[in-house]
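Colleague: Assemble the whole structure, with the sequences as input and the hints as a guide.
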Amino acid sequence: MAPLDADTVLVDLPTAAEQLPAAFMDAFNTGDAQRLGTLYASSAILVPSRDHPVAGSELHAANQRLLDYGLPIEIRLRHAYVTDDIALLIADWALRGVTRNGDTVDLSGTATDVAQRSTDGRWRYLIDNPYGTQ
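As numbered in the UniProt record's numbering, residues 1 to 134 make up the sequence shown, in order.
By construction, these hints were calculated from the structure, which means they are not laboratory data.
Note that the coordinates shown come from a computational prediction; the quantities given were computed from them, not determined experimentally.
Backbone N, C-alpha and C define an ideal beta-carbon position, used for all residues, glycine too.
Each hint should be verified, as a subset may be incorrect.
For each label pair, taking beta carbons as the anchor points, the in silico distance ranges come out as [to be verified]:
#1 Arg65 <-> Gln134: 17 to 23 angstroms
#2 Asp106 <-> Arg78: 16 to 22 angstroms
#3 Thr83 <-> Ser57: 18 to 24 angstroms
#4 Thr104 <-> Ala16: 32 to 38 angstroms
#5 Thr104 <-> Thr15: 37 to 43 angstroms
#6 Ala61 <-> Asn29: 17 to 23 angstroms
#7 Thr133 <-> Asp12: 27 to 33 angstroms
#8 Tyr81 <-> Gly56: 24 to 30 angstroms
#9 Gly132 <-> Ser43: 17 to 23 angstroms
#10 Ser57 <-> Gly102: 27 to 33 angstroms
#11 Asp51 <-> Gly121: 29 to 35 angstroms
#12 Gly121 <-> Gly56: 20 to 26 angstroms
Modeller: See below:
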């Protein structure tokens, strides 16, 4: 997937940091990688495994691998700590079920994410760390 322009809007971006995990869940559950990609700042990183952050096309490829399971994600926000244009979001998530290929998937964690409010007043992920400190 090609990186999206910061002005591209394929999803109703949240105006409150606390809404970002629900927006992610909604976008993820459509299965649309481009829609999911709009929730990330242009300089965002994703930490799909410990000590291996990825950005740009690698970030989108990592999300595509999860989307390819064809399973819905569940996300429950635990805490949101907001100061100015930065937020720390702690959320529990789970991706469970049987894939299109018949494989059983049981992934879950507690995300420790950093979000940033852009100049347009919308919140996007700056650091997506799905496994937190695990």
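Colleague: Hint by hint, note whether the structure agrees.
Modeller: Against the structure, the hints come out as follows:
The given range of 17 to 23 angstroms is respected by Arg65 and Gln134, whose C-beta atoms sit roughly 19 angstroms from each other. Take Asp106 and Arg78: their Cβ atoms lie about 20 angstroms apart, and the range 16 to 22 angstroms holds. Hint check: Thr83 to Ser57, Cβ distance near 31 angstroms, so the stated range 18 to 24 angstroms is violated. Roughly 36 angstroms separates the CB atoms of Thr104 and Ala16, a value that falls within the hinted 32 to 38 angstroms.
Between Thr104 and Thr15 the beta carbon distance is about 38 angstroms. The supplied range of 37 to 43 angstroms therefore holds. Between Ala61 and Asn29 the CB atoms are about 19 angstroms apart, so this pair conforms to the stated range of 17 to 23 angstroms. Look at Thr133 against Asp12: about 31 angstroms separates their beta carbons, and that is inside 27 to 33 angstroms. The beta-carbon spacing between Tyr81 and Gly56, approximately 27 angstroms, falls within the hinted interval of 24 to 30 angstroms.
Distance hint check: the CB atoms of Gly132 and Ser43 are about 21 angstroms apart, consistent with the given range 17 to 23 angstroms. Distance hint check for Ser57 and Gly102: the Cβ-Cβ separation is about 29 angstroms, which falls inside the suggested range of 27 to 33 angstroms. The hinted range of 29 to 35 angstroms is satisfied by Asp51 and Gly121, whose Cβ atoms lie roughly 34 angstroms apart. The hint said 20 to 26 angstroms for the Cβ distance between Gly121 and Gly56, and at roughly 24 angstroms that hint holds.
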